[in-house]
Each structure stands twice: as C-alpha cells, then as structure tokens.
Amino acid sequence: MTGRSEEFRAFALDHSLRLHQSAYLLCGDWHLAHDLVQDTLVKVYRHWSRVRRADSPDAYVRRILINEARDQWRRREKSVPVADFGAGPPAAAVPDAADDIARRDGLLRALVELPHQQRATVVLRYLEGLSQAETAQVLGCSEGTVKSQSSRALATLRKFLDWTESRS
Amino acid sequence: MNSSDETKLRDDLRRIVPTGAPAPDLDAIERRGRRARRRAVALRGLAVVGVAGIAAAGSLAAFRHPGTSGAAPVAVAPATSAPGQQTRTAGTTGTTGPQLDNVAYVRQQVAAAHDPANSVVEMRQSAIDAGNPAQTVWTDPATLNEMLSWVSGGGKVVTWQHQYLDARRVINVDDTQVNYGPRTWSYRTENYGTPISGPAPTAPVNGIPYIPASEAKNMLAQDNVKIVGHPVVDGHRTVELSVALGKQGKAETMYLYVDSQTFQVVRLVRVFAPDSAHPASATSDYTWVPRTAALTRLINVPQVPSGFTQVPADS
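Keeping their order, the protein sequence lines are chains A and B. Numbering-wise (the numbering used here), the first sequence opens with residue 1 and increments by one. Numbering-wise (the numbering used here), the second sequence opens with residue 1 and increments by one.
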C-alpha cells in the first residue's frame, strides 16, 4: 500500500462517523447517507493531494459532502419517488421513550423538507458546531447569507419544536 | 430563535444522528477513485484529439473545397432496426472481429456478463407492440426480486415481487402492490403448486412476456441460436442473435441484442406466431445500473406510503 493510500485510509476512517452523521441529516435516509459518504470519499480520494494541501481539509471535505448531497437531491427529484423516509439508522444502543422517538422522527422529517441550503446551514451550524464564518466558508457564501438561511430554517423548525413542547 | 431553542435543536440533532457507522469500503472507494481519474484523463485526451481532429478536418475540407464551410456529410446509423434486419454503421464493417460471429464465444461472454455476482441492477422498459404503455421493471439479479411500475387508469401502480422456494420446494411469489390513484395497497402470495425437483429457478417465473436478461441468457443455451448481424441499437454496437422457440401454434422467435463490448443485453424482441400475417411482438430495452445500497433497498423492500388503505388483492 502506498503512502498516499495509507494517509487517505486513515483520514477516511477518522472522518467516517462524522460524515455519516451529517449525511444522514442532509438526506434523511440511512442507506442514502451511506451512498453519499461513499461518493464523497471517492472524490476525496481523487483529489487527495489537493485535500491534504488545503488550509482546512475538514472544510474541503464538508464542501464535497454538501455538494454531493445537493446533486443527490436533484437526481432524486427527477426520479420516480416510491420510497419514503421510513428507514432510519440502526437502533440506538440506549432505548428511547416513544415520545422521544416520535419527536426525533418529526424533526428529521421537518429537516429534510427544508431547502438544501437551509438544511446544509443547520447541519453545519448545529450538528458540526461551526461558526457563521466557518459555515460561510464551506458553503461559499457570505456570513449574511448564512445568518438569513439559519434564521429562515430555524423559524420553520421552531414551529416543530413548539409542537413537540406542547405535546410533552 | 433564542439560545435555549438553539441549544435544544443542537441536542436534538445530536440525538437523531447515529452513534455508529459502517466502515467505508475503502478498497471499493479507491477502485472507483482510480477509475474516475483514468476516465477524466482519457476524456481530456479525447477532447484534445477531437479538437485537433476537427481543426485538421476543417483545414483539409477547406483546402479541397475552397469557398465552402468545410462541413462534410456524416453517416449516421439508425437508432433502431427491425428484428432480423441488419444495420451496419459506415466504417464499422469488418471491425467486429471473428469472435463476434462465433455463437459459442458470444454465449459464453453473455453468461459471464449476467453473473448474479456482478454488481449491477437491471432496469427494463417493455411494451407489447408499438403504442402500448410501457412497463418499467427493476430486477435485482442477486435476489431475483423485482419492482414493476406502470400507469393504469390515470394512476401509477407499483408492485414488488419476491420469489422464493418454500419448505416443500414449491415456488411462491409474494406480491405487494401500491396503487397511487385510489391510494390503496394490497398483498398476496401466489403459490405455483407443484414442487420442483431440480435447482431453484435462476429468473423470476412470472416475467412473461417481459423477461429479465437472466432468462434471455438461459434461452441462448438452445442449439438453434444464430448470429444475425451486428446492428447499432440505441447507440450500442451489438451482436444480434435469434433463436426459434416453441412449436407450431405457439411458435416464437426471439431476437436478442447484446452490447459487443460488455455483452450485456441491450434489447430483446419476442415475435409471437412469426409466420402469421400479423405477428404480435413484445420489446424490452435494458439498462444496467450500478448496484447501490439505496437502489437494492428500493427494489427489495416494498414501500407503502403512509395513509394508504389496504384492500384485498385481485384474484
């Protein structure tokens, strides 16, 4: 195995879980998320020398993932949608109360219905914990756009959060 | 949104996401990455050669026909041809190689190209005679499960079929049908009655007249297979094979077109009662798609949308 291959493999294994988590929130389907991560890692491998030279390899890979998710979404919109978002990740190790499962399911559905840019913003800001400036760098837009996209996304999700709170 | 909502959302997102993930298939990723890189390099090379070729052809034409634009007539092969009627692309005659006229060689290559272990999924679009609505069928060669969709009465109908042998070695087919017009779904199991003694079927049993490529491949095992020609079908250079099936009264001729490089089935035309004045035919066009997890799930797991009502299956 070459040094390049070893480096890439270590990077891929190191980032696999984080990429799967983000991919899952971006597409709302565990199987699609797995495909998305595979496709992302193929691109990372193809451009490995560029990725490792980047100021922030993490940001570079996140950008590839977000772009792949957008392309996947466009392809799905053109295809005949017979699957729904029923498939979740493998069961969590810790059992959840039924209400909590319903709440998580509802939030996931609300998330995947957001426009792509808003969804990506939510994932980067609230799952990955990036700042507005870092999110803007990954998405290739201004901080003002990140702010407005977050605000719109969160306004939609707030209704959902209010709903869950009223039930609990 | 205030910070408590943001905190709540942050916590919720972290609870939604899985805490474990399957290890990425690094060998497959590297293989795909290398292939994509080679393809990109080849495309760049082709682009350079193409531009240079166009420039050279333009110069030559201008030199030969001063005062003209340099455009030359180009031979274009028809996209389709009638079964048994050979179409040759200008400039391709004699380039197919003697092996492509050898039935045994082609049969062997077709069998290898349709090995269920190959990581592809079959999609075929079929119709009886021209003008009838087409049916789209996805087949997973590894499981023989199928997902069929068509339009009926203004609404889309999707059916999943799962074929298996029960304990008595009787073929059963579980059939889940979702009807998007009236928003209903049904389920039934069809039992094929008699136990089978030989090996399990290698193709879905109820694909007639739209048969999957695996069954078409089996039909090539007949003795009377002939190579009819090398037409171009939907942009593929193919080997056209014909085989006469059935007996008088139920006679049928099958024309199979396989890609001359990949040996995957591209088209199948079945002509029923070929000696009659107006024979009926069924045509299937095949597309081969990489076998992804999402696609195999789509084919193998019936998806009933929420809110649809279960109704008794049609007998």
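To be clear, the hints were calculated from the coordinates, so they are not data collected in a lab. Heads up, some of the hints might be wrong.
[As the list claims (entries may be wrong)] Computed far set for chain B versus chain A, every beta-carbon distance over 12 Å:
hint: 1; residue: T7
hint: 2; residue: L9
hint: 3; residue: L13
hint: 4; residue: P24
hint: 5; residue: L26
hint: 6; residue: A28
hint: 7; residue: R35
hint: 8; residue: Y164
hint: 9; residue: Q261
hint: 10; residue: V269
hint: 11; residue: T292
[Stated by the list, open to error] Computed far set for chain A versus chain B, every beta-carbon distance over 10 Å:
hint: 12; residue: A12
hint: 13; residue: Y45
hint: 14; residue: D55
hint: 15; residue: R63
hint: 16; residue: D71
hint: 17; residue: L114
hint: 18; residue: G129
hint: 19; residue: Q132
hint: 20; residue: G140
hint: 21; residue: T145
[Said to hold, decoys possible] Partial list, derived from the structure: chain B residues whose beta carbon lies under 10 Å from chain A:
hint: 22; residue: A42
hint: 23; residue: D223
hint: 24; residue: I227
Keep in mind it's a predicted model, so treat the numbers as computed, not measured. By construction, the Cβ of each residue, glycine as well, lies at the ideal position given by its N, Cα and C atoms.
query: Broken hints, numbered, in rising order?
result: 1, 2, 3, 4, 5, 6, 7, 11, 12, 13, 18, 22, 23, 24
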